[in-house]
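Visitor: Turn these sequences into a full structure, and let the hints guide you.
Protein chains in written order, with our numbering: chain A, 1 to 310; chain B, 311 to 571.
No wet-lab data here; the hints were simulated from the structure. Accuracy of the hints is not assured; some may be wrong.
[Claimed, not checked] Using 27 Å as the maximum straight-line C-alpha spacing, the simulated BS3-like pairs for lysine-lysine come out as follows:
#, chain 1, residue 1, chain 2, residue 2
1, B, Lys448, A, Lys161
2, B, Lys340, B, Lys561
3, A, Lys161, B, Lys545
4, B, Lys545, B, Lys504
5, B, Lys333, B, Lys561
6, B, Lys333, B, Lys315
7, A, Lys161, B, Lys387
8, A, Lys274, A, Lys298
9, B, Lys543, B, Lys556
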Amino acid sequence: MDFGSILTLGQTALELGLISSLTVLALFLSYSMLNVCDLSTDGCFTFGAAVGAVVAISGHPYLSIVAAMCAGMLSGLITAVLQTRMGINSLLAGIIVNTGLYSVNIAVMGNSSLLNMNKTETVFTKLKSSLSSTAFVSQYKIIIAFIAVALVILFLYFFLKTRLGLAIRATGNNPAMVRSSSINPVMTTTVGLIISNSFTALSGCLMAQAQKSVNIDIGSGVLTVALASLLIGNAFYSGSRIALRAVFASVGAIIFRIVYTLALRFNMPAFMLKLVSSVIVIIAISAPYIKSQIPMIKRRLANRKGGLHA
Amino acid sequence: MLEIKNISKTFNPGTINEKQVFKDFSLTVKDSEFVTIIGANGAGKSTLFNAIAGTFITDSGTIELDGKNITLLSEYKRARRIGRLFQDPMLGTAPGMTIEENLTLAAGRGGWFSTINRQDRERFRETLSELKMGLEDKLTKPVGLLSGGQRQALTLMMATINPPDLLLLDEHTAALDPATAEKVLQITERIVNKHSLTCLMITHNMQSALDLGSRILMMDEGKVVFDSSGEEKSKLKISDLLVLFKKRSGKTLDTDRILLS
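Guide: Given below as structure tokens:
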């Protein structure tokens with residue numbers, strides 16, 4: 001493999017990593033801060049991709065970003081209302097919305113499961129043409145993805161310091177305390193899910209526009225991949241500085257993509273991606289638990305060795 | 311002033327576990343009154359607090375706080391005017407957040423998008439220094455690193471940083487070691503006196519029920535069986551309480567958990 005193709009691979013990994021890290025940041029807010037596992041993530045990602053694509057195809061490249069984020073907010077609002085106002089378990093609420101969104105997404109794409117954006121003007125093609133005479137022309141995808149990630153991290157950094165942001169963190173940390181501080185946990189959960197889903201939809205929208213097509217399966221497995229990335233990021237930094245945790249969440253997404261790209265180079269079939277991400281999530285979540293059980297297992301084994309007399 | 315008029319509450323109505331805890335229960339607590347509440351397990355002490363704080367809504371009757379009817383208000387809305395501490399020191403604070411972040415949530419000043427400024431920090435430092443636990447120098451440390459006693463003292467500060475119309479203390483020192491419990495009780499007394507708070511305190515420690523406050527209530531099976539205040543209260547001894555309880559409820563006070571001294 002020559003240096004040129006390594007560079008291209010690295011660049012693709014970075015692009016995809018940055019774009020999917022927007023979903024990781026969404027989970028950072030909903031899973032790490034609010035302590036809600038939002039199972040509507042896959043559907044919401046596709047929803048953002050579909051809405052963004054349809055608006056872009058109709059000739060509004062900038063509006064498509066806004067429209068996708070609004071779609072995500074709507075999806076987040078519904079998930080939140082189901083679990084806070086209608087007595088539906090939070091995991092179930094996510095699954096229900098995810099399932100419902102499948103039909104909605106096909107309807108949005110005009111009763112089709114595939115939309116092509118080869119000739120569509122998007123933020124990516126806009127930047128590409130305005131950079132056409134400079135040395136950065138081939139980096140246009142990275143530039144846009146990087147700006148989006150930087151803006152979202154900056155937003156989270158400031159937002160999580162405000163009283164509303166603190167209230168959202170406290171809701172995930174100790175709901176009883178939130179109620180006794182005269183803050184409505186229904187409100188904090190709703191706001192948190194609306195914001196996190198807008199990031200998920202943005203991620204889907206940029207992913208579709210970067211690869212110039214949407215298909216109905218674009219979001220399948222996104223949640224597990226993003227969770228794996230989040231946990232990889234956590235392994236590097238899990239301290240108390242919120243901004244750093246957000247940065248490492250995105251770094252986790254990039255690392256995940258790089259490892260995945262390398263694995264593909266060593267002839268791992270592409271369909272293995274989801275199994276690998278599942279295994280990463282299993283290991284990352286179960287390791288601390290299993291580690292805590294080891295002393296007990298050792299004692300039991302020792303006891304058994306002692307035989308009848310033990 | 312807290313006015314509870316004729317409240318009733320039955321849990322699990324129509325089932326085999328049906329249990330009526332209150333029937334036409336009434337209680338009036340005057341402004342700045344510090345009431346200690348004692349009673350055996352299951353007497354309805356904590357349930358009374360749950361009713362006042364809005365953890366559940368009563369079946370009938372009214373609850374008024376300073377002339378405002380709060381009977382149907384949800385728990386978080388009542389929390390604006392009612393501060394509450396539980397036995398478990400872990401319940402009142404968010405362990406993953408810093409001391410100043412916890413205080414900010416409790417202080418509730420400024421809008422939703424306001425952030426902690428130097429003025430807030432100054433105020434927090436000043437408030438915390440009253441505890442004499444050195445917490446004022448740990449504003450940016452996570453609360454999870456504090457001891458149970460420190461957390462309970464911090465919770466007390468959070469509940470009273472904006473003096474509430476009513477403070478509910480539900481055995482808030484029972485989970486602490488005796489020395490720390492004593493310290494937290496002293497702080498409690500100081501804060502309650504400083505803001506002349508209206509306060510209800512459940513305790514299993516008969517001595518502190520007699521030492522603290524201006525009025526004592528003894529509860530049994532959802533009723534107040536003994537109510538004493540002023541000079542009469544100050545003359546009471548633990549032995550008097552035990553005799554009174556037996557006379558009024560027809561049984562001996564469950565002394566497993568009750569601390570006689």
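Visitor: None of the hints should be skipped; say for each whether it holds.
Guide: Cross-check of the supplied hints:
With a CA separation close to 18 Å, the supplied pair B:Lys448 and A:Lys161 stays within the 27 Å bound. With a C-alpha separation of about 30 Å, the suggested pair B:Lys340 and B:Lys561 falls outside the 27 Å cut-off, and the hint is violated. Straight-line distance between C-alpha atoms of A:Lys161 and B:Lys545 comes to about 52 Å, which puts the hinted pair past the 27 Å bound. At roughly 25 Å between alpha-carbon atoms, B:Lys545 and B:Lys504 fall within 27 Å of each other, so this suggested pair holds.
A threshold of 27 Å between alpha carbons decides the hint, and for B:Lys333 with B:Lys561 the separation of about 21 Å falls inside it, so the pair holds. About 11 Å separates the Cα atoms of B:Lys333 and B:Lys315, which keeps this hinted pair within 27 Å; it holds. With a C-alpha separation of about 23 Å, the suggested pairing of A:Lys161 with B:Lys387 holds against the 27 Å cut-off. Taking the CA atoms of A:Lys274 and A:Lys298, the gap is near 34 Å; set against the 27 Å cutoff, the hint is violated.
For the suggested pair B:Lys543 and B:Lys556, the alpha carbons sit about 18 Å apart, so the restraint of at most 27 Å is met.
Checked against the numbered hints above, the structure breaks hints 2, 3 and 8 and satisfies the rest.
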